[in-house]
Amino acid sequence: MTYRADVLIIGAGASGGVAARHLAEHGFDVVCLEQGDWPDRSAFPGTRPDWELAIRRDWAMSPNVRNRPEDYPVVHDDSDIEPLMYNAVGGSMIIYAGTWPRMLPSDFRVRTLDGVADDWPIAYQELVPYYDAIDRQIGVSGLAGDPAYPPHDDYPLPPLPLGMAGRRVAEGHNRLGWHWWPEPNAILSAPYDGRRPCVQRGVCTSGCAEGAKASTDLTHWPKATAAGARLITGARVSRITLGPQGLATGAVWLDRLGVEHHQEADVVILAANAVGTARLLLLSADDRHCPDGLANSSGLVGQRLMMHPFSVVTGWWDDQVEGWQGHFGASITSYQFYETDPDRDFVRGAKWALSPVGGPLNHILPMRAGNEVWGPDHHELMGRTFGRGASWAIFGEDLPEESNRVELDPGRTDSHGIPAPRVRYRISDHSRRLMAFQEQRAEESLTASGCQETAVASMIPYSGWHLMGTARMGEDPASSVVNPRQQTHDVPNLYIADASVFVTSSGVNPTCTITALALRTADLLVQHRSEQKVPA
Amino acid sequence: MTTADSSAEIDVSRLEELADVMLPAAHGMPSASDVKAVVVYLDQVLGWRNDLRQSLARAVAGLEPATFTVDQLAALHEEDEDAYIALTTAVAACYYLSPEVRGRIGYPGQVAKTYDPYAYTEWVAEGLLDPVVERGPIWREAPG
Ligand SMILES: Cc1cc2nc3c(=O)[nH]c(=O)nc-3n(C[C@H](O)[C@H](O)[C@H](O)COP(=O)(O)OP(=O)(O)OC[C@H]3O[C@@H](n4cnc5c(N)ncnc54)[C@H](O)[C@@H]3O)c2cc1C
Ligand code: SF4
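Each protein sequence line maps, in turn, to chains C and U.
Residues in the first sequence are numbered consecutively from 1, following our numbering.
Residues in the second sequence are numbered consecutively from 1001, following our numbering.
Treat the hints with caution; some may be incorrect.
So, partial list: chain C residues that the calculated Cβ filter (under 10 Å) puts toward chain U [unchecked claim]:
hint, residue
1, P49
2, L53
3, L162
4, H173
5, P182
6, R195
7, P197
8, E372
9, H378
10, Y462
Listed below are the simulated DMTMM-like cross-link pairs for lysine to aspartate or glutamate, each with C-alpha atoms no more than 20 Å apart in a straight line [to be verified]:
hint, chain 1, residue 1, chain 2, residue 2
11, U, K1036, C, D50
12, C, K223, C, D523
13, C, K533, C, D6
14, U, K1113, C, E322
15, C, K533, C, E264
16, C, K223, C, E322
Hint data in this document are derived by calculation from the structure and do not stem from the laboratory.
Using N, Cα and C, we set each Cβ at its ideal position, and we do this for glycine too.
Make a model of the complete structure from these sequences and hints.
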């Protein structure tokens, strides 16, 4: 018997969870298909002695390294950055760091202000009510009044501790006359909504066993399912189906045994992240209606992939700051070099976030800044640096280019035999100038904060945690894939809730904006439900 | 989740000798064999990361302990990256599991801490943020 849902959501991560909860709470019959499982917090490795070994294999950020059945490979031989993600209920939030900044007003107007890329068809101000609402749903810890932002509502929880390193760098910036502020984090500093607060264990990017770090498996799915949403796990979507009226009719999916099913729905929402969504649109090509991919009359599906060039600048003091400890996440942030300065040889800028440096293995076999040293000098290096450092994580604004893209790989497939995505991505010369400038300033920052030594890990490849832009938003169907409501121009009952729709990347971590946009899209769907075209 | 040939034999005494060259007694720290790092912890490490076993066996068989120097690691990295990663990961993991080593570097592991979430009011009252606030807004106005 076929069963038709009001709304089918593909992907139970950040955007999927937010959209599902809102729609279910407003009376929609929601089904979600998620290729991964519910995460098992007791299996998270952060409290185990093998934690630093586990994050290099079974708990790696790269699906290619983890290689679990629910992961799909992402071919990245032609990319300067490796895409990173997690496939489960909660999505990549299971392993994200939890920093939770909003985008800034200028981020939505880079063409008007700086003559590059494109303006968004919506403005910062339109997102503010959704940012405020999502902060309350998620449970954000932070401090209002940051002069890098227009005034907005206070965060629901007080800021997380600065830690010894955060305090020193804050004082350093005060000496330099540079901006700093406690970073807003989607991590609880106090009990909230039935969840326990952060215990500063510093293992956030391999899963938070305490449940202090927000992910939609905690913050949204229990409420969505309580309101009637149905979440099917181990369900890998292979394509979206199209009916005779040019409307989406649902999706074909494969269960863990490889048995094929079809889920029918009036409305389909893609929430599979900017790689997974582009992949599915390309997989849904059909010779008669859309030979180049579903919703792709503009030819832009998969193009304009942005991933934020990412550098790490680490500084070491001559005494202990417990540099392995503290949320990861960030203690403090700086927007000193975020906005365009006409005296520089680049436009736009970067956001900095101060984070811990990890345990001993991360010092000896660094995934970020530092060198491997063996022999007697090993102990000298460890004595000089271990526990004494902190890192500025630098996210540079990544301007969109059509040559940076997601395609289907002709050879590789996932465990169900579905073609894998291939990513082509080059860091531009503009980004290289922008990052070189930021790296130099970050070294100055740490030196002014009392560090004896600094090191730069410039534009590290293992850093594709922010996936954006492969189905951009715009008013004109010729030059965009979705309209400002995130409804595809070509298929009026197909929506995209994830960061594929980003017009530009901003220089901040995206998930606060992804979820605010997903909430807005779901809200507009509720408001316009009577006008929604659905299949006969 | 780890899959690899679990039967590959590793010569533990050869590995211990190699580990002592990589991590000798120096700068007040014990050598790998002083804390019996390989003998005590190798099984545990390979239990967690069996995928390293085969490449580690290759590295151990290919390096001659009597003449091994750390300079040879660069060549190993060049010629057989998997063997290099397995060797350095296994040696480091064994050594830093030792409670004595952890004690000497002051590392208790990733431990839970409690804190007062309202302690921030103290540094706010102390004026830590005042210079930032006094400089005024730094965000750029953008047309709506
Ligand atoms: C290590 C790391 C650190 C990060 N740190 C931060 C941070 O500090 N701050 C921040 O803002 N962001 C951070 N991010 C990014 C953040 O996690 C993502 O922006 C966010 O999770 C994206 O949300 P999404 O809904 O688009 O996709 P995801 O959360 O990735 O969810 C997509 C879901 O879709 C499912 N899916 C995909 N394809 C299919 C299919 N064919 N069939 C069925 N299901 C499918 C996947 O299994 C997945 O669960 C980080 C990411 C990583 C990897
Ligand atoms: S530091 Fe806090 S948020 Fe991070 S894993 Fe530990 S408890 Fe969770």
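Do the hints match the structure? See the list:
{"no.": "1", "hint": "P49", "in the structure": "holds (6 Å)"}
{"no.": "2", "hint": "L53", "in the structure": "holds (5 Å)"}
{"no.": "3", "hint": "L162", "in the structure": "holds (7 Å)"}
{"no.": "4", "hint": "H173", "in the structure": "holds (8 Å)"}
{"no.": "5", "hint": "P182", "in the structure": "holds (7 Å)"}
{"no.": "6", "hint": "R195", "in the structure": "violated (14 Å)"}
{"no.": "7", "hint": "P197", "in the structure": "holds (7 Å)"}
{"no.": "8", "hint": "E372", "in the structure": "holds (7 Å)"}
{"no.": "9", "hint": "H378", "in the structure": "holds (6 Å)"}
{"no.": "10", "hint": "Y462", "in the structure": "violated (14 Å)"}
{"no.": "11", "hint": "K1036/U / D50/C", "in the structure": "holds (18 Å)"}
{"no.": "12", "hint": "K223/C / D523/C", "in the structure": "holds (16 Å)"}
{"no.": "13", "hint": "K533/C / D6/C", "in the structure": "holds (12 Å)"}
{"no.": "14", "hint": "K1113/U / E322/C", "in the structure": "holds (12 Å)"}
{"no.": "15", "hint": "K533/C / E264/C", "in the structure": "holds (15 Å)"}
{"no.": "16", "hint": "K223/C / E322/C", "in the structure": "violated (38 Å)"}
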